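Trainee: Protein chains in written order, with this note's numbering: chain A, 5 to 671; chain F, 5 to 671; chain L, 5 to 671.
Rather than coming from a laboratory, the hints here were simulated on the basis of the structure. There could be a bad hint or two in this list.
Taking CB as the label site, the calculated pair distances span [stated by the list, open to error]:
| no. | chain 1 | residue 1 | chain 2 | residue 2 | range |
| --- | --- | --- | --- | --- | --- |
| 1 | F | Lys116 | A | Lys45 | 22 to 28 Å |
| 2 | A | Phe132 | F | Lys139 | 25 to 31 Å |
| 3 | L | Ala214 | F | Ala65 | 37 to 43 Å |
| 4 | A | Asn597 | L | Glu647 | 23 to 29 Å |
| 5 | A | Arg42 | F | Ile564 | 28 to 34 Å |
Source: prediction; values computed, not measured. C-beta: ideal position from N, C-alpha, C; glycine also.
Letter by letter, the chains look like this.
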Amino acid sequence: MRSEREILTPKYPHLLHGGDYNPEQWLDRPEILECDLRLMKQAGINCVSLGIFAWSKLEPAKDDFRLDWLATIVDKLYEAGIYVDLATPSGARPRWLAEENPEVLRVDERGKRARFGGRHNHCMTSPFYRERVAKIDARLAKRFADHPAVIMWHISNEFEGECHCELCQKAFRRFLKEKYQTIENLNKAWWTAFWSHDYSDFEQIEPPGASGEQSINGLTLDWKRFVTAQTTDFMNQEIRTVKTYAPKIPVTTNLMGLSDVLCYPSLVKELDFVSWDSYPNWHEPGQNVYEGMLDSFTHDYMRCLKNRPFILMESTTSTVNWRPVCKLKKPGMHRLSMLNAIGHGAQSAMYFQIRQSAGGPEKFHSAVISHLNSEKTRVFREVEALGAELGQLSDLLYDSYVEAEVAILYDKESKWALTASCGPRNAGLDYDRICVSFYEYFWNAGINVDVIDSSASLEGYKLVITPMLYMYHNDLQSKVRAFVKNGGYLLSTALSGYVGSTDLCFTAAEEKEKLEDVLGICVEEIDALYDTEANATTWEGIRYPLHTLCELVTCGGAEILSVYEKDFYKGKPVLTVNAFGSGKAYHLASYGNKALYKALFDRICRKAGIEGVLGKAQIPDGIGVASRRNGNKTFVFIGNFSEEEKSIEDRIKLKPFEMQMVVLECP
Amino acid sequence: MRSEREILTPKYPHLLHGGDYNPEQWLDRPEILECDLRLMKQAGINCVSLGIFAWSKLEPAKDDFRLDWLATIVDKLYEAGIYVDLATPSGARPRWLAEENPEVLRVDERGKRARFGGRHNHCMTSPFYRERVAKIDARLAKRFADHPAVIMWHISNEFEGECHCELCQKAFRRFLKEKYQTIENLNKAWWTAFWSHDYSDFEQIEPPGASGEQSINGLTLDWKRFVTAQTTDFMNQEIRTVKTYAPKIPVTTNLMGLSDVLCYPSLVKELDFVSWDSYPNWHEPGQNVYEGMLDSFTHDYMRCLKNRPFILMESTTSTVNWRPVCKLKKPGMHRLSMLNAIGHGAQSAMYFQIRQSAGGPEKFHSAVISHLNSEKTRVFREVEALGAELGQLSDLLYDSYVEAEVAILYDKESKWALTASCGPRNAGLDYDRICVSFYEYFWNAGINVDVIDSSASLEGYKLVITPMLYMYHNDLQSKVRAFVKNGGYLLSTALSGYVGSTDLCFTAAEEKEKLEDVLGICVEEIDALYDTEANATTWEGIRYPLHTLCELVTCGGAEILSVYEKDFYKGKPVLTVNAFGSGKAYHLASYGNKALYKALFDRICRKAGIEGVLGKAQIPDGIGVASRRNGNKTFVFIGNFSEEEKSIEDRIKLKPFEMQMVVLECP
Amino acid sequence: MRSEREILTPKYPHLLHGGDYNPEQWLDRPEILECDLRLMKQAGINCVSLGIFAWSKLEPAKDDFRLDWLATIVDKLYEAGIYVDLATPSGARPRWLAEENPEVLRVDERGKRARFGGRHNHCMTSPFYRERVAKIDARLAKRFADHPAVIMWHISNEFEGECHCELCQKAFRRFLKEKYQTIENLNKAWWTAFWSHDYSDFEQIEPPGASGEQSINGLTLDWKRFVTAQTTDFMNQEIRTVKTYAPKIPVTTNLMGLSDVLCYPSLVKELDFVSWDSYPNWHEPGQNVYEGMLDSFTHDYMRCLKNRPFILMESTTSTVNWRPVCKLKKPGMHRLSMLNAIGHGAQSAMYFQIRQSAGGPEKFHSAVISHLNSEKTRVFREVEALGAELGQLSDLLYDSYVEAEVAILYDKESKWALTASCGPRNAGLDYDRICVSFYEYFWNAGINVDVIDSSASLEGYKLVITPMLYMYHNDLQSKVRAFVKNGGYLLSTALSGYVGSTDLCFTAAEEKEKLEDVLGICVEEIDALYDTEANATTWEGIRYPLHTLCELVTCGGAEILSVYEKDFYKGKPVLTVNAFGSGKAYHLASYGNKALYKALFDRICRKAGIEGVLGKAQIPDGIGVASRRNGNKTFVFIGNFSEEEKSIEDRIKLKPFEMQMVVLECP
């Protein structure tokens, strides 16, 4: 695993506490800015993200740069002990810029160019936009390169979306030409003979979309890959600009968790570290435990993107303003969710936002400082208490890290392919939820999990789980093959390994690629179940319901552990295990519930020698246990995400939304 | 209140009975027109609306005016004792007009101009359309100015909708420039620094809409205000035209109740009186009582627009044709709904439509005369009976009027702002239903209510209720302040008074504007509840459920009447009352049910000296009681909107859908 | 009825077994093509549809024709005993063709031309497309005219859809001018005076659609008629082309069952026989029996289009890939559904598809040969068994045909009119389901039914049912009048006969057209019921619920059989019967359940002398009985579509999804 000391922010190597700060909205109200400084200090804020949407104040007209007000604020913050995460302002452009050259505005899939409005909606290809971004980035980098307050760059904001303009289309064709070399290769890879859709020239290729080509899955998939590639290229240009003038300040950009728009493993290569914005849907009735798992799973995914600690860049102090029903964060939930992030590898608790705006679409989003402008609010006091606690924990935790023996393979490109593909079940197939359902056991048992994608190495893991991994690409077959051969435990599940990297089905001729020898089975058919339908299987005397999909498999060498209870495939295998090399490959031909997964993972973990950080302690449902290690010290984070009191073998009692931390010393 | 005799139609000062009549569809069928006259007379019809959609027959080609057929019909009607509400035909244009100049066709929010079709969809700005409308209006006015049959002008029809064409955009910019004077003022009012959306010139401003600017709430709000202003300007031009040639004929236009497109209080200033089209959703299972309340509430809103009697211009004789499920009006419902309208201030019972068309989209809409062409149908006989009854009631009721001591503040601009704003609850927030829920008590108790908007005076009321009044504009703070100070009773509720007239949140610095001193409380947070969630409060020994929103308030000087039962804000105030000046200001920090509102209003009415027209009589649920007064006579309308028999203290027995009228003499 | 021997495919007069075959996707994989031949022979395949989407391989660049590969495959198939249904490739064009002239791409109702993509989406008017299609069709026809393998032409594929381009609009105007001659006639027929929508010139007419004219029902209706006419014209050009060079090969095109886009009775005139693609939604929980009825009903509709046997051109071997949840066909269902088709008049069992594609949108659609490339799969073995059985049945069944004494009038133009019309119930009015609900009795009872449209003759039937036949056109009044007069039994139901051929309501003046004398009733009102509402009627001591619509009728001469149980029309007639001439006309003023229809049809069949093929045997629910006759032999197809075992009077026992065939000899 990883051992050397990971310092994300060399100038200020502490757990960070802070968030997005938008003084540009209040420049005519100096008393507000003074009040902010006072209250931030009181709340233990030590870092703010500045300038994310300030371009219109930094360059109100073309080449009319006004950085003094920002410098003044940075100085004042630094005097107050507050460091700065300085943003490049490319996330939202000034109006004059779109007027001067509308190519910066995105074109939608129907060929319609957007008018000015919103944010995060510029063309990633536009040379004009890139030039203007480079100019303002360079100004900022030159001005603040050596400012002691600035500890990192916040490159743009929440990269997302796609543009179908001519410039992007040209770039897409270049991307494809580089990838496939000849149009024959592309036709073959995309199976374009279907419906006579063969291309005779790269120039014929248009992005997929409404009123155009929607029936070539390979095109859809490569378009999404291109969008990630083009976004990466845009971001990397920003990185190169700021690094040119401020080479010592590390860069990050704030990612959006499990968002399906970009493939983050491809995006993050030139970032110094990963940061992300976490907005769980807390307090929807009955959902807190699932939201806690989902948030933890996402932290693990973010951490594994660069196998380093990460920054929690945005989160709420209480409610968001954009959900159908906006719930307040109940007392305790703020501390619980922030420390849980740290338990999964975060080095910070940062918020959107320090101060509520008076107007604009986010004026009802919670903040450290509300419209009441007061330090007496419940929310301010919870933030203040957390700030104090983080100050005390910083030295203890800063150098620790999460170590895992189990990996779940969560692959964005496979999800894209599955979503674009038609069949075998087009409604209600929730890949993320399926993946999290396999995560639950470990989250609860105190067994750390790496959430990795198909490009990652499998070395060093004892168990790898590949839930609904429809597409096998990135040489995954050979990695999985080697992993099991060398003694690893694998769990494969229904609808896995059906297609290769361009969404072509593996056919009989390529059976080795389907890992049939590794799994010891052959999949003949796959049935989809309505939500109102269920099958079941009985294993070791216990009956478990099955749902969503049922593969009909025939066994090669695999041992059958359990079979279907009904339908015409009654008696056919559901759960199998195959010895391959010195490892074991399990296959679950359907999807089950928590109890089935517990029985299965209890068995596998016992055999594979995997144990939770709390040993054999019985941990009740609703509790998530994470741990970070530094040398022989292990810091355990035990959080109760349920609304009931819970206790672990009468030793540890947790109130609803309570987080307790325990330090274990290992010899 | 109001006392002088209000004559809407000086030439024919009677309760009107009639409706929309479209002889232009049957000009080649003289036997149909003869039959119509005969049946109208038999049904007691005394007024018809003529020519609403007849432009293509009045001017079949440009400047080729053909008014003779209309004059013949008007003559014949007058001979038959039927008066005419003469329409300007601008609601639907002839095809040649759109061909000559497509600027009359609206442009949608994506910039796409409509093709010819439909109705009520012309550009309000187009000089060409205004010129053509003025021409046909002038012709009609000259021709019929002195015709004894014509007792009012029906200006256009059901004004609605918006246009995004360049002409409208220019007008919008002029409107804004006049309002804000400088772009700096506008930027500040709209909080445009958010996401760098500052304007540097009025010329940059585009209407809000898809693929454009959607994130500036102040822009959205001012655009809606502009649409009302431009529609008003269009309408007023029509009014000026007809008044030029026919100065003695009063003008109205038919409004659409609670429709959210236009702000009627701003629109109606130059009308002589208000009229409206009422289409309750009668007989959806379980909904009749609510529909009865909603219709009554809307009558009250329409009446208060000009604080005068109004004309019920359209309604059904039985079913509409456009609902998902089109129910027949059950026997009795027609009389009930028409007399209830009169009880709330109407001077008419008028229908869409006199005769069913044979074709077109509304051919299955009910009418006085159906496709059967018969006076023997059930519907015809109910209409005929009502016609006879109205003839008898006319002298008695014509000069009476509705007097109210209670006002509910129902504000369209506040609703617009709330709808455009993001948070705290974006789904399922039904402002109209909330307002009607506070109306129910009074409707049932025989206490007349004025439904007014924030531009109205509060003088003369004993109780003012401001349900969910999110935006405080029109100097409302000072009016409310003065009202309470001078002894009035106020009920404010959750999510009220959060923003000013451009949707900027009141912040700490402006606390006086938030009426914190008047209410004696400070709102710190607001929680939204899912529809499946509830809180509760116990007041004077009775427990009431709470729903939708829960404010967390801290009390200044207010007395706490009841507190939350659960969640982390258990024990915090729900219902408070504050003495301010010689009045009392109540605040309900959440939303409750009918029982809570009954307990609350029983108390307030007792203290404020408000009493129902039937005194202390116990009135069962499902009954609505309205009253009109003329001197010492009070006409009471008691309607049973439920499907059960009801009785009021064994004195008055009402069958389902029965309406009884009682005359009280007061000394 | 029909008696002469009907030979669809003179060169190979056998029951066909086969399906769509796409070797053009595998031209670089000769081992796949060899494997296909071997497996097809093993499966008893005797006919494949070739070349449907092969245009890009047949003419990869303009005028560069490459038919040799196809000829080679046809030769090899023929050597293997497999005949060919040769397709014209117009269903999907090559990319170069759209590039050369974009007029081939459709324009949508908003005026936007599609980009290249998808299939079945060419303009039917484009002269360029017609020219290119004629050229490739001619090439194919010349090359294969005398090939002994080619037994029919598959003209294009699944014709559907509409185009709004200028060329289509011009053709539409010509179509209207020919139909109406003068604009006055059109205005009158379309009732355009409504909302001033009169036309003054044919040139003003645009197709109906979003952002244009949507309020003229006659326009909507005539547009749909035009779309059918233009598609027919396009298809007929293809037919003429192939007939020119290959006059002896019969032509068909594959229809889409009850699809609402085209009016098939108008389309099929120049086809030699009808074929269609059947995709029931098997195995949705609880739906199999309904799906079985619906599929049988559709077979009957297809058969009656030309009153000839038909080809089942496409169906599945197991699952489709495009439903929300794609179910496998359970064992038995394949044989059941294929033999049921034959029982209703099919001469084939053909599938989409012989081989699964490796890529493309349909790669997960089932096939005879799956990605496993194996003859050992369950699906292959079921297909193989059916192939063998069909081989044995062919001589026995080929010359038999379905004879029916009962007709259900299912009219597409009436459905269009009802759908376009507004009222009396706009949501949840499912015309197809209503029609099938009247079909159920006969399907179950072994009484063959012809499903005909309003253009068909009624002669020879004993009973004609006209469920919800909203529009009476095609001289239907006189045909119905004559049918009853001459002794026929008629069942009419609510919402029938309201409008004529341009959607104008019959009014009092035209009462004869409304068949009031035939039915002996007059409809005064029609009430719509919410799905949560019901009325009921008691007839001969049994109470039946009623739903959807309730007409209020007054009786002329009709006898009242039962009355409404409640609502204000309690006691009014529901079911009536009228003697007219020597026949009887029943009217059901509402809609009931299966039990009511059983009681009603038991009575009518007894009186009319209609008997099921199994005589007085009690046939349980869930079983469908069809029969074909040849001379004195009747072949009875008894299928159990339910999931329970069923038995017919202990004589015939059927397992779930079992089909049994019985041969009866009649003297």
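Trainee: Give a verdict on every hint.
Mentor: Cross-check of the supplied hints:
no.	hint	result
1	F:Lys116 <-> A:Lys45: 22 to 28 Å	54 Å, violated
2	A:Phe132 <-> F:Lys139: 25 to 31 Å	50 Å, violated
3	L:Ala214 <-> F:Ala65: 37 to 43 Å	29 Å, violated
4	A:Asn597 <-> L:Glu647: 23 to 29 Å	26 Å, holds
5	A:Arg42 <-> F:Ile564: 28 to 34 Å	32 Å, holds
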